[in-house]
Amino acid sequence: MELKKTEIKYVEEALELALEEYKLEGNIVNQLPDIDFTNQLREFLVDLFEKKYGLVAIEDGKVIGYLVFEGPWDGFFGNCKGAFSPLGASAFSGKDRGKLSSRLLSAVTEMMVKEEGVTSFALSRYANDKEVGKSLVFNGFGIRCSDAIMKLSDRKNRDYYNPNVSFMELKSEEKKLILDLKFGLTKHMLGAPIYFPSYIGNYMEWFAKEEIRVFAACADDEIIGFMSIQDEAENFITESASMKNICGAFVKEEHRGDNVATDLLTFVCNVCESEGVKYLGVDCETLNPTALRFWGKHFQNYTYSYHRRIDERVIGYEEYLEREWRS
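Numbering (full-length UniProt numbering), first residue to last: 1 to 327.
These aren't lab readings, by the way, just hints derived from the structure by calculation. Careful, some of the hints might be misleading.
[Stated by the list, open to error] Below 25 Å or equal to it, Euclidean Cα-Cα: the simulated DMTMM-like pairs (lysine to aspartate or glutamate) are:
1) 252 with 275
2) 81 with 96
3) 5 with 60
4) 156 with 311
5) 52 with 34
6) 171 with 131
7) 99 with 205
[To be verified] Pair ranges (Cβ atoms, derived):
8) 220 with 27: 30 to 38 Å
9) 273 with 209: 35 to 43 Å
10) 312 with 186: 23 to 31 Å
11) 156 with 311: 30 to 38 Å
12) 257 with 30: 43 to 51 Å
13) 311 with 74: 13 to 21 Å
14) 252 with 314: 55 to 63 Å
15) 16 with 219: 17 to 25 Å
16) 312 with 252: 20 to 28 Å
17) 176 with 34: 19 to 27 Å
18) 321 with 20: 21 to 29 Å
19) 70 with 241: 19 to 27 Å
20) 158 with 293: 17 to 25 Å
Positions of the beta carbon are idealized from the N, C-alpha and C atoms, including for glycine.
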């Protein structure tokens with residue numbers, strides 16, 4: 001087996017691998033759209049295979065796997081330089097896919113560590129690919145995020161739990177009425193066991209984005225929860241015209257346990273379905289047990305984002321070792 005730099009000439013073979021991985025995930029996650037993503041993935045791979053840090057694995061003249069990272073960027077999950085491999089930027093085939101993924105991972109990350117000083121790596125992979133997932137865990141990666149999906153026609157229609165809670169969509173400047181709730185969400189993400197500080201330098205711009213829709217739960221003339229959606233999220237599947245994606249949700253702590261979030265989700269689902277939307281997606285930090293439990297009741301996970309931050313002392317350590325060992 002040879003490892004070679006990604007090039008446009010390898011795109012079609014890589015595309016077959018990417019489509020096969022989506023098919024395999026769809027066999028398990030029946031909520032995933034039955035859509036032909038061929039053209040979308042081809043365009044994605046053409047752009048991706050021109051990136052600096054990507055390799056294909058070739059055996060008997062055939063592409064059997066590939067892995068590409070985007071980046072690097074500063075401040076990627078910490079005060080460090082990092083890189084990300086989005087969904088579709090890797091695919092593996094053959095009898096030992098775990099070994100293949102490990103070998104490609106080793107080769108690509110080695111280049112980025114030595115040439116760019118990257119110490120933070122993340123990959124988005126299909127949630128039910130146990131073989132590659134296990135290999136990533138043994139390579140020191142942990143799961144920190146998930147994409148999940150709901151097929152709206154498959155959900156159970158039901159009445160609202162809370163007759164004293166009303167629901168509405170907030171328009172334009174009304175969105176700013178949830179400012180305190182957004183602050184509460186940011187503080188929640190900062191606490192244990194999540195420990196995820198959010199960048200708030202441009203947080204007011206979030207309210208001005210027309211593509212973000214905000215829905216609110218109200219009780220006694222007070223907004224007690226919100227849920228927001230947008231057209232696209234963080235992978236090629238979420239770009240489907242038949243799909244909307246939840247991009248934020250929070251209920252005041254004193255109202256939790258009263259099914260307010262469940263009722264709010266029902267309201268959002270009803271609105272989306274009335275507008276012809278077929279699928280609703282959400283991504284959440286799996287580090288957030290509150291979110292993980294709630295979304296898991298209603299959605300099926302189809303991706304996990306794996307992350308590893310290597311010891312920063314490795315940068316330059318080889319030169320240090322050679323110098324000190326011989327002194």
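Against the structure, the hints:
no.	hint	in the structure
1	252 with 275	29 Å, violated
2	81 with 96	31 Å, violated
3	5 with 60	17 Å, holds
4	156 with 311	48 Å, violated
5	52 with 34	33 Å, violated
6	171 with 131	46 Å, violated
7	99 with 205	45 Å, violated
8	220 with 27: 30 to 38 Å	48 Å, violated
9	273 with 209: 35 to 43 Å	23 Å, violated
10	312 with 186: 23 to 31 Å	27 Å, holds
11	156 with 311: 30 to 38 Å	48 Å, violated
12	257 with 30: 43 to 51 Å	31 Å, violated
13	311 with 74: 13 to 21 Å	18 Å, holds
14	252 with 314: 55 to 63 Å	44 Å, violated
15	16 with 219: 17 to 25 Å	53 Å, violated
16	312 with 252: 20 to 28 Å	39 Å, violated
17	176 with 34: 19 to 27 Å	40 Å, violated
18	321 with 20: 21 to 29 Å	43 Å, violated
19	70 with 241: 19 to 27 Å	25 Å, holds
20	158 with 293: 17 to 25 Å	19 Å, holds
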